[in-house]
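Asker: Residue numbers (this note's numbering), protein chains in the order written: chain A, 1 to 114; chain B, 1 to 116.
It should be emphasised that the hints constitute simulated quantities derived from the structure, not laboratory data.
All residues carry an ideal CB built from backbone N, CA and C; glycine is no exception.
Calculated Cβ distances over 10 Å to all of chain A for the following chain B residues:
#1 Gly16
#2 Asp17
#3 Asn18
#4 Ala24
#5 Met54
#6 Lys56
#7 Gly59
#8 Thr63
#9 Leu65
#10 Asp84
#11 Pro116
DMTMM-like cross-link-like pairs, simulated, lysine to aspartate or glutamate; straight-line CA separation at most 25 Å:
#12 A:Lys24 - B:Glu39
#13 B:Lys103 - A:Glu44
#14 A:Lys24 - A:Glu101
#15 B:Lys42 - B:Glu15
#16 A:Lys78 - A:Asp63
#17 B:Lys56 - A:Glu101
#18 A:Lys68 - A:Glu83
#19 A:Lys78 - A:Glu11
#20 B:Lys103 - B:Asp31
#21 A:Lys68 - A:Glu18
#22 A:Lys68 - A:Glu11
#23 A:Lys24 - A:Glu11
#24 B:Lys68 - A:Glu101
#25 B:Lys42 - A:Glu11
#26 B:Lys103 - A:Asp63
#27 B:Lys103 - A:Asp57
#28 A:Lys78 - A:Asp57
#29 A:Lys68 - A:Glu14
#30 B:Lys71 - A:Glu101
#31 B:Lys42 - A:Glu44
#32 B:Lys103 - A:Glu101
#33 B:Lys103 - A:Asp56
#34 B:Lys103 - A:Glu62
#35 A:Lys68 - A:Asp56
#36 B:Lys56 - B:Asp31
#37 A:Lys78 - A:Asp56
#38 B:Lys42 - B:Asp84
#39 B:Lys42 - A:Glu101
#40 A:Lys68 - A:Glu101
Here is how the chains run, residue by residue.
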Amino acid sequence: DAGVIQSPRHEVTEMGQEVTLRCKPISGHNSLFWYRQTMMRGLELLIYFNNNVPIDDSGMPEDRFSAKMPNASFSTLKIQPSEPRDSAVYFCASSSRPRGETQYFGPGTRLLVL
Amino acid sequence: GESVGLHLPTLSVQEGDNSIINCAYSNSASDYFIWYKQESGKGPQFIIDIRSNMDKRQGQRVTVLLNKTVKHLSLQIAATQPGDSAVYFCAESRNAGGTSYGKLTFGQGTILTVHP
Chain A
1 DAGVIQSPRH EVTEMGQEVT LRCKPISGHN SLFWYRQTMM RGLELLIYFN NNVPIDDSGM
61 PEDRFSAKMP NASFSTLKIQ PSEPRDSAVY FCASSSRPRG ETQYFGPGTR LLVL
Chain B
1 GESVGLHLPT LSVQEGDNSI INCAYSNSAS DYFIWYKQES GKGPQFIIDI RSNMDKRQGQ
61 RVTVLLNKTV KHLSLQIAAT QPGDSAVYFC AESRNAGGTS YGKLTFGQGT ILTVHP
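Start from the sequences and build out the full structure, keeping to the hints where you can.
Answerer: Written out as structure tokens, the structure reads:
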């Protein structure tokens, strides 16, 4: 079975540009998570969806960040406008467990904002 | 200039030795724990998990031990191989009730290096 799929794998953009990261969770998983990983702060949860509904977005840094899940097989994380401090690896994870445990991570998108 | 970031604990072992990676947690209400392995350039990979009603769980070459008294979690890897070299993260969650959503809180990670 395919795992969590993320695209693009690498993104280099200039400050002020819009960035859209994409995720396809594992089929049948009803929980989806977006994380950000940096050397400074480690792995941070940005937002959690359950059955396509955002449940916890307390980790979203600011209004420049937005996430959507229009259906069970697709989610996007958008940064507009992007800033150099947004440079990080962004991971998507999905889970089939009722409490969202045992999350399976995608390969990540490495974002560099110049 | 010099970058400032997390200073991860490191563990170096010889191939074939057993490895023990430790993790302390602070929330006594945590009732679910999980270990992940992250290789360079890849996403975290699930290894093993344990609930607070257990103190030991075994998988293939790995064992997780939970000591709730001192809030300590460990991952034991038997016959460590060079392919085990990675960063290992522990994470915890607690039943928040209501929505039954348990947010995972990740530790900083431990770098394991296995020498052939």
